[in-house]
Amino acid sequence: MLQHNTDAGPPAGSHKSGRTLVSLRGVSKRFSNGTLALQNMSLDIAEGQFVSLLGPSGCGKSTVLRIIAGLGDTSSGTVEWPGASSYDVTGKAEREIGFVFQEPTLMPWATVANNVWLPLRLHGVSKKAARAQVMEALQMVGLEKFADSYPRELSGGMKMRVSIARALITRPKLLLMDEPFAALDEITRFKLNNDLLHLWETFGWTVIFVTHSVFESVYLSERIVVMAPRPGRVFKDLAIDAPYPRDDAFRTSTVYNEYCRMASDALHGAIAAGGAA
Amino acid sequence: MSASETAVRPAIATPDGDEAPVPAARASRGERIARIAVPLTMLVLVLLGWHLYVTLANVPHYVLPSPVLVVQSLITDWPTLFKSLIITLKTTFSALGLALVGGVLLAVLMAQSRLIELAIYPYAVVLQVTPIIAVAPLILIYAPSTTVALLIVAFIVAFFPILSNTTQGIRSTDHNLLNLFELYGATPWQTLIHLKLPNALPYFLTGLKIAGGLSLIGAVVAEFTAGSAGANSGLAFRLLESQFRLNIPRLYAALLLLSFTGVLIFFASSLLSWLLLRKWHESAVRREN
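The listed protein sequences correspond, in order, to chains A and B.
Take the first sequence: its letter number 26 is residue 109 in the numbering used here, and every next letter is one higher.
Take the second sequence: its letter number 64 is residue 71 in the numbering used here, and every next letter is one higher.
Keep in mind the hints are simulated off the structure, nothing from the lab.
All C-beta atoms, glycine included, are put in the ideal place defined by N, C-alpha and C.
A few of these clues could be false.
List time: in silico EDC-like cross-link candidates among lysine to aspartate or glutamate, alpha-carbon distance up to 20 Å [stated by the list, open to error]: (1) A:Lys211 <-> A:Glu227; (2) A:Lys211 <-> A:Asp231; (3) A:Lys319 <-> A:Glu341; (4) B:Lys286 <-> A:Glu236; (5) B:Lys286 <-> A:Asp231; (6) A:Lys274 <-> A:Glu284.
Across the chosen pairs, the derived CB separations fall in these ranges [to be verified]: (7) A:Ser336 <-> B:Arg36: 57 to 65 Å; (8) B:Gln175 <-> A:Ser238: 25 to 33 Å; (9) A:Lys210 <-> B:Leu279: 22 to 30 Å; (10) B:Ile127 <-> A:Glu179: 38 to 46 Å; (11) B:Ser290 <-> A:Gly225: 25 to 33 Å; (12) A:Ser238 <-> B:Val45: 38 to 46 Å; (13) A:Gly207 <-> B:Val133: 52 to 60 Å.
A short list of chain A residues far from chain B (calculated; beta carbon distances all over 12 Å) [to be verified]: (14) Gln185; (15) Arg249; (16) Lys274.
Starting from the given sequences, assemble the full structure and let the hints guide the process.
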């Protein structure tokens, strides 16, 4: 279903520079209602890495994502972008971020193409000038035939693909995904997992993927950061040392099972550490 | 879903599968005919009953004129009635136009700033809940001319549904979409134009439907209060005048024009709503299960 535009990005594997893209330094976040969502959280994300944040609900994994995206400030601690090449008018690093929410978060009044155009439109790119990029982004997610459809005409999985295409159109360095496939059925989820991995291997962005599924996180990521709740913090940092490309054969392999058990144990440890869930 | 479809289909499929949809189409055509025929038949029956009653019971025409007499009056008095209709229409649509602009502008202002909302909203509510017919005499005293007074009264009645609906629509914007706009560095203006206003559109259109009817009511109420303001006499004034002169056929004729105007406004706003929402909003799209 996916069509790869291999000359549009560096070939697979070449994007591992090992440089740090973003780091959280002792970040804490207290909401106005007094809840301590994050406590003294430190995390380095290397360029090109596929990292999953795994944890029970209420462990602050979405909060981490929002803080990295610049939606909401930290209560203490800092977010650093050592590799930032440019700065915006306020002196903040231009973050070049794509964000995929748990819901597709599409504008129902706009066609698929116009939804994908949005990030460019907000930066003053006309529809005509953006046309090629919009179609390319839709091609990446296999929806080029649905450019003129409205979101309500699409299935849940297709809406999520549109949401991904919209996040990709700015060619972000960092893709933040907040449980993007949680609401989808298993077949669709597997398919989108595979497609996401293909795209990642092709284009080599950094991905931070929030999930509460052990299986999904092991399948996708090079590294799983297990978080514990109340207050949210890093509980364990696991490396998933299995080669890409990963496919359905990997999903049924012993290595996969072992990693799943490891991650599952870590998750249970995290839940126990956080008290009653 | 597809599994259950394939499991069920063989059981109901006819030998030549093309036949199945035909009865459904016929049924929907029958339904469409009924939708027009039933109310029309009803109308004819009522008119017929009315006419028979008036003729057989010898009801004097200054109590209840026969429908024939009403139509006659509509034709003979057309020049007067038409002039009045135009005056009422002018008041109605100017008030509606002002209510649209005023309501939307205020809604946008209130959505941008909590301070403005606190300053304005309570008084908008007070204006709305105070019976307009009680305030109208004051407005008539203070307004520079009767025309302006009529306009103010109709405006006050019509603008609140637009204000409150549009405000609600702007407020109910999806938070994730707001976050997305923030993430991509959208200016407040861009967020308003590309996100908040489109989101408020269905709410606004509901407000418009209500306001359309209310602006006509407002115009009539204002004309009633203004009474014999002379040259600028709209349909409501003709109505009162016909009552004083016991010209009941003409009263009915004026009434007919008023309700026809109301129906027309309702249809126009429904059509506008359908045109704007049919592509994407659940209220306007056709469902098929």
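Now the hints, each set against the structure:
1. A:Lys211 <-> A:Glu227: The given pair, whose Cα atoms are some 16 Å apart, holds under the 20 Å limit.
2. A:Lys211 <-> A:Asp231: Given that 20 Å is the threshold and the Cα spacing comes to 15 Å, the pair holds.
3. A:Lys319 <-> A:Glu341: holds, 16 Å
4. B:Lys286 <-> A:Glu236: holds, 10 Å
5. B:Lys286 <-> A:Asp231: holds, 11 Å
6. A:Lys274 <-> A:Glu284: Judged against 20 Å, a Cα distance of about 16 Å means the pair holds.
7. A:Ser336 <-> B:Arg36: 57 to 65 Å: holds, 60 Å
8. B:Gln175 <-> A:Ser238: 25 to 33 Å: Taking Cβ atoms as reference, Gln175 of chain B and Ser238 of chain A lie about 30 Å apart, which means the hint holds.
9. A:Lys210 <-> B:Leu279: 22 to 30 Å: holds, 25 Å
10. B:Ile127 <-> A:Glu179: 38 to 46 Å: For Ile127 of chain B and Glu179 of chain A the Cβ distance comes to about 41 Å; the hint holds.
11. B:Ser290 <-> A:Gly225: 25 to 33 Å: Holds, at about 31 Å.
12. A:Ser238 <-> B:Val45: 38 to 46 Å: holds, 39 Å
13. A:Gly207 <-> B:Val133: 52 to 60 Å: violated, 44 Å
14. Gln185: violated, 8 Å
15. Arg249: violated, 8 Å
16. Lys274: holds, 15 Å
Against the hints set out earlier in the document, violations occur for numbers 13, 14 and 15.
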